[in-house]
Each structure stands twice: as C-alpha cells, then as structure tokens.
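Trainee: Please build the complex by placing chain C on the supplied structure of chain W, with the hints as guidance.
Respectively, the protein sequence lines represent chains W and C.
Residue numbering for the first sequence follows this note's numbering, starting at 975 and increasing by one per position.
Residue numbering for the second sequence follows this note's numbering, starting at 160 and increasing by one per position.
Since the hints were derived computationally from the structure, they do not count as laboratory data.
Predicted model only: the values in this text are computed from it and were never measured.
Not one of these hints is a red herring.
Taking lysine-lysine and the DSSO-like style, the derived pairs with C-alpha atoms no more than 27 Å apart in a straight line are: (1) C:Lys587 x W:Lys1139; (2) W:Lys1002 x W:Lys1436; (3) C:Lys587 x W:Lys1130; (4) C:Lys587 x C:Lys608; (5) W:Lys1438 x W:Lys1002; (6) W:Lys1436 x W:Lys1130; (7) C:Lys608 x W:Lys1002; (8) W:Lys1039 x C:Lys561; (9) W:Lys1269 x W:Lys1130; (10) C:Lys260 x C:Lys198; (11) W:Lys1002 x C:Lys587.
A short, non-exhaustive set of chain W residues, derived as facing chain C with CB atoms under 7 Å: (12) Ile1115; (13) Ala1125; (14) Ile1126; (15) Val1153.
Incomplete in silico selection of chain C near chain W, CB under 8 Å: (16) Pro545; (17) Val560; (18) Ile565; (19) Val591.
Note that CB positions come from ideal geometry on N, CA and C, so glycine has one too.
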Amino acid sequence: MNFPILSVITLTPVIVSCLLFLFPSDRKEEIRITALIAATFTFGLTIYAYFSYDMDVAGYQFVEKYNWVESLGISYYVGVDGISLPMVLLTGMVIFTGVLISWGIDDRPREFFAFLFLLASGVFGVFVALDLFHLFFFYEIAVFPMYLLIAIWGWKVTREYAAMKLTLYLFIGSVLALVGMLAMYFVSGLGTFDMIALQDHEFSRQFQIFWFPFVFFGFAVLAGIFPFHNWSPVGHVAAPTAVSMFHAGVLMKLGAFAALKVGIMLLPDGARYWLPLIVFLALINVVYGAFVAMKQQDLKYVIGYSSVSHMGLVTLGVATLNPQGITGAGLQMFSHGVMTALFFACVGVLYDRAHTRDIPSLGGFSSKLPWVTVSFIIGGFVSMGMPGFSGFVAELPIMLGLWSAGSISSEYFIAPYFTWIVMISVIAIAITASYILRVVQRVFFGEMPSEFEGHITSSTGKDKIAIALLAAVLVLLGVFPGWMAPLIHSGARSVMSVIGGV
Amino acid sequence: MDISSYQVSSLIAILPEIGLLVLAGTVLIMDTVVRDDRKHLMGVTTALGSVLIIVLALFYARPTGESIWGGMIRDDMLAFVLRLSFIFAGGITAIFSLNYKSVAHRGDYYAIMLGAVIGMCFMASASDLILLYLAVETTGIAGYLLAGYARSNNNSAEAGLKYFLFGAATSGIMLYGFSILYGITGETNFVNIAEVLLSGDVALSAVLGIAMLVLVGIGFKIAIVPFHFWAPDVYEGSPTPVTGFISTASKTAGFAILIRFFIVGFTGSEYWLPIVAVLAVITMTFGNLVALAQTNIKRLLAYSSIAHAGYVLIAFVAYSDLGVASAVFYLITYVVTNLAAFGVVILVSNTVSSDNISEYAGMSRRSPFLGLVMLVSFLSLAGMPPLAGFFAKFYVFAAIVKSDMIWLAFVGVLNAIIGLYYYLVVLKVVYVSPAPDGSRPIEISNISKIVLMILSFGIILIGTASSPWFDWAYQAAIELF
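Looking at chain W on its own, in the form it has when it is part of the complex (with noise of 0.2 Å):
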C-alpha cells in the first residue's frame, strides 16, 4: 500500500484546526507558529505529489477508495489527474502564502487559523474527489468557514452583508446541485456515487436537458458566473486578507471545477444543449467584469470584478468542449489563481499600512514597499496576457479553442459567431490593460500625499516571502510553461475522452 499522499493533504488541514482548540487562546506565537508549519508541510506534499504524478500513464493517481456508507454506494474516492493536480498545487500555495499574510492578526488568531484550514481541507477535498457525495461533502466544507472567517475578521463596514450573502447564494447553489446530484444518483441506476462509474453511464438525453442546468449553475455560481456574480466583488471586499487570496484565488475554482467535473462531464448531451448561454453569459463575464472594474475607485472592488472578468474566460475555456479551450481554462484557473492571491496579498499589506484602499488618495508607494510594487506589476502583467507571462500561456490556448470551436461544432446556431466572441474577449482584455495601468500609476507612483509621509513601514520578511513566491511562480510559468501546460493538457484529453462528440 503507497502513502496515501492524497489523504494526508485533504486531512491534515482539518487535523491541525482542530489540534489548534488545544492551545489556550492566548498563546498567540505557538498558534501561528503551529499553522505555519501544518501549512508548509501540506504545500511541501502538494510540491511533491505534484511532481512524482507520471505524466506518461496520464490518467487518475494516487487513487485511494473506501467504503463510506456502504449501503448507499457511497465511497471516500479520492485520485488525481492533470485538470485536478495543478488545483492542489494552487491550494497548498495559497494556504502557506496565506498563513504567512495573517501573521498580523490579533483578534482570536486561534479561531481564525482553525476556521482557515478547515475551509483548506474543504477545497482540497473538492479538487481530489472522485466520488459524488464526497466532492458535495467537501464543497459544503469549503462554504461555510467563509461566513465565519469573513464576518468576524472582516471589513468592519460590509462585512455582515457581505458574509450573508456569499453564504446564502453559494448555499443555494449548492442544495440546486444536490438535487440535481442526487437525480443522477438514482436514475443510473447503478446504485453509486462513483464518478468514473457515472461518467460511463448514457443518461437519456431529456434528462440531461432537465437537469443540467441546476448543477452546471449551481456549482458556477461559486465561479462567479454572470448574473449570479454579485455576491464576489462583494465577499472579496469585505473578507480579510489571506480569506480574499483564498476566495478569489481558490474558492472560484472550486466552482468551475465541480460544474466541469459534475456538470459538464457527467452531463455531456445537456452540456452540450446549454453551450450557447453558457458561451453567451460568460463572455458579459468578460465584458461586464472588465467595465465595472474600470470605474472602480476601491482598490479591491477593482481586483473583485477583474477576477468576475478572468473567471469568464474560465468559463469560456470550458464552454468551447475541446482540448485546447479546456487546457486554457485549466492554465487560466491556475494562473489566475495565483495571480488575485498576489494581487489580494499586496493590497493587504498596502492597506495594512495605509488603511485606506481608495485609489485617488494613494499614491507614490513604490519608494516604501518595492517589493510589493514589482509584484503588484508582475501580477498586473499577467493580468493583460502580456507575452512572457502565465496569463499569455492561458488565455491564448483560451482563444485558439473558442475559435476552432467555431468552426467545429456547427450545429450551433451561435457558432458563426464564435470569432466574434474571440475578439470580443480580447478588447476586454485591453481594458484591463487600461484599469490595471492606472492602479499601478496611481497607487505606486506619483507623489506619496503628505498623511502618509513617515509612519508607512516596509513590508514584513513573511510578506516578502508570500509575495515573492506567488509572483516568482507567475513568471515562471509564463517562461516557461512546460511544466504545467502538458499535464493540463493531458487532462483535457480525459476529459474530451468522457465527453466525447467533437
């Protein structure tokens, strides 16, 4: 029996956060010192399951299944596969950088640690899960610490609205999908949750019609999908600093993930069906994420829409139904994963210092906190699609596929229109080349205006390292991108192989 590498990542997370309880809460350093070292431990697993999966045999790793409840067919079925690995790798990214930005936190850091890695090993649990019951069990996990982590330490003016209504609308899409879950469940037949068993199941057509759009949208809702976006700028605003980083970086994906996953690969025909509005919604995603962001005068509120705009390419990505639009997506997940937690970290670390996060009275930071600069730009960078960054490396396999889709799936009746959609989604880009300049110019350079000449202090060494780390990996894969791009791709091809019809 190998080590059960998958187990002791989605685990060890819920593990420490209880283990945490144990300190007396004013023990403050031993806590933070505690999480730190769960959360380099998990990362070093995920560097490492990352690159011991054999890309030549492709297909589901490190797999491990047992019974759960077994009267029900319900099974713990956890393995991974190139859509999924590159999704565990963002997650024990984003826990180690994120447990290095709240070293600052001072209200109840033991709660706020324990409720973190509870929602870490939630996501975990979504992004390795092969089962149904298990990947719903998981994503519920990953909802709820976020009322918590955001209404207690969050931005004292929305954070109650705010908290609320992330938590009812992702609750909402969720129960949608269970239904939709549990239909499935009973109407194969097969008496199973087993995904791979689903995914061979021919569910009849009209089925699939009906039902997919409760568990497509369900789960998108959790990716930001247009009109059920709103509560996302919302949430990111008003969540503390390491939350933000994993909402915007992790939780999104978590939503197009499962509505690939279930939705899209379980329910080809209806997906199938449905791609014209999904196409359709996405690209206002793009639009409308972009536009908004522009007239933004709140530095968070900017980097929320744009992540509503890039999540729209996401799921254009998804929505094309061949490899090369579904590699982009899994690029572009990953890409911008990283790319808000770094845009998220350097706007904590601004705000920390400044405590303001309106744009038109900052300005001139670069002097004091070149590294956030340089990575606030790096991000900025990738956020354009500039060449020699990962966001080029997502977004043009995004593009190739949208318009090859075009001219493979003519049924459609919108397929004529597919080049249009292409060059639509890269104007939208070039605004967000518009709105990220300007932060840049006025947050970081310019004149630093006179309340904040002297009591603004450089960025802690943890800082440095989360930031440093998250935009080293950025250029890295925009460099070089053949660390990644092939094993997403491979998982794209098992993908198509489910889905089938191009």
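Mentor: Leaving out everything else, chain C in the frame of chain W:
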C-alpha cells in the same frame, strides 16, 4: 394473556423499561434519605443509571424482531434504536437539570422524567392500540407535570396548563379514532388491523377519517402545523432542561408511533400520503419563516424544531425503506444535536438569567468552549458537513428523490436555506457582536463540560463515520417493509 408464554426472553426484551422503573424508585428513595447538601447525587444517579441501562441493553437486550407479550410489543430494531435514544436523552437531561435551580434538587422531578422515558419506550415498541394509548398517556401526563414543574414561575405554570389542555384534547381525538378503528376492524393489533384493511372491506372514507383523527394526536406530539400552537409557549415557559427533553425525546416518540402505526397498521392504504406531504411543506415553511423573527432563543429553537419535524415528515412521505431509514437517522441526529444546543442555553441562562438572543453577544469571548459547542450544534441543525445534520438532511432528500417527488426535495432544500440564515444570525451574535461591558466569563461545571464535549463529539462522529448509524436505521426500516 397466557401465563405460560411468560418467558425469560420476553422479560429481557423489556429490560430497559424494568431498569428505568427500578431507577425511578431508587431516586425517589434517595430523595428521602440523602442529606440536603448532597441532593445533586440524584441527578448523577439518574444519568449513570441511564448509561448503565444503555450498556446492558446493548449487550443483553438486542432485538429479536418478534412480537411478544401477546402481540402488545414488537421487539424490533426500530423500537430498540429509538428506546436507546430516549434513555440517552433522559440521562443527558438529568445532567443538565443539575444546573437548573428550580429542578436540580428534587427527587420527584427525576422520577417523573424517568416515567416519561418509560412511556416513550413503550410508544416506540407498542404494536397494539391499547398499549399505544397507555404509553402516549404515560408520556403525556409526565410531560405536563415536567413542563409546569417550576410552579412559582408563571410562565412555567402556563406552559404546564397549555401543554395539558392541548395534549388532553388531541389525545382524546386520537382515542376516538382508535375506537372507530376497533369498531370497524374488530382488532387492536396493528398487524391484524392491516390484514382487515388490506382485505378491502373497509370504505376508503372510513380509512381516511381514521387516519386524520389519529394524525391529530400524533401531530400534537411531533408539533406539526396546525397542531403546533402549544410548542413555542411550552418551550419558552418550561424549565429549560424539560424543553430540551420535550423537543427531542417526546418528538421522537411521536414519530415512532407515526412510523409504526401508519406503516405497519395502514399498509396498502396510502391515500393519506398527499395530505401528509402538504402538512410537511406547511410545517417546514411555517416553522422556518416564523423562526426568522424570533428574539428569544428558546422560541427560536421551538420554531426550528417545528421545521425539523417537517423534514422528518418528508422522509416519511417518501414511504420507502430508505425514507424510514432516513427518518430514524434524522431523529437520532436531531436528539443529539438539539440536546447540545439546549445544554448551551441552560448554561448561558444560568449566568445571564435571560433567554434573549441579544444576551449571547460576545459569547465566544466569554466562553470560547460554549461558543464552539453552539457553533457545532447550530451548524449541525442547519445541515452543514462534517456534522450529523448534514447526513441527516442528505438522506432525507435522497429518499424523497428516490420516491420521485422532486418538487418536495426542492421545497426541502429551499427551506434548508432559510434555516441556515437564522442559525447563522445567532452564530453571528455569538461570534461577531461585542460582549457588553462588564460581562463576566460564563462558568461551567466540569460535568456539564464533559457532557457537552460528548455531545459535540457525537455530532461530529455521526457526521463523518455515518455508516454504522445509518445501517442501524436502515435495518430498523427494512424490518417494517
């Protein structure tokens, strides 16, 4: 009854009830002989005795699945599992009662509570109209006394009287239904009644009428709309440990007779199911919507418990082995979870002497432990993993989807969201609102702390290693079909 049929096995089957009776006698004797400063020993004895009975029952009184005592009692898994949960609830309630001044040092209080538990045990196992009615009355009368136990308190007196008036009226209506049923079929045993009804000689209108009359009595016990009016006032006025007891054990006992009477006795005549489905929808929606507006934690839990009865009714409406299994599982988790919630309420009200939700502000700072127990129990009630309530709701929705009533599943999940909202609002007060100035830490006795830890651990255990519990519930269910 034939004397020769007395067998050791028949006695062993009612070992828990015998044990409870002995325990009640012991506590009454202790009340007269124990010195005043050691009166708390009676509560401890009740709790330890309950634990002992559970352990003995697990080892020696496993169900045989047979009808005993001349068909009066059905010794099956359903009865076994539910009886254990009643005794468990009784034991936990005894410990909680130690923290509640007006009942803590009264031997008769514990004895009456054990009497109620005996009644519930027979409700779960009764397979005959006569024993069923006796059991319902035993439970009911003990319950009225418990609710009004704090006589000097007007609210408690009101609660006792209200509970009594509602209970007497509804059980009278139920008895009327029983008498018509006996008049038509000439039988009192559920199995024989089912045979007569299956033969098709009985008019449909009579069957429906009887079902409705009996449903009134059961509806009162399980507090479903429109027989719920007593619940908020009784919950609010009763001594809080009693509230916890009534809202968990008594409700579960009501469901036990609902399941057995309608599934064993009314086999093959499911015309009344749509009516129950409508009641389930109304109950859930009403309970959840009214709970939104509550400012008193006991009333909030009262309305939430009305809503929970609605979820169990959904499982019942599924009318399948999976449905009954999910109902039984739901009840088990509900007992454990709600007891934990009421445990916190009791301990908090000891310090702040009020049950207003606003008094819970900053509780996670005044007592991180109680805050955490509250978090676990409320999120479990809301149906969040990895807690027991998640699996419970999951099984219920699975059962109803399997029975092809998708619309009911949608009503259920949307209701779960309303529930989530008000549970989160309370948790927000506990975790986010600042504590009032000058507030003291909340003191918890060690024994309460241990019990709350056991309950919280149980909630997490059922919510992760769900399989053995579900298998019990499933076994209970397939024996009925």
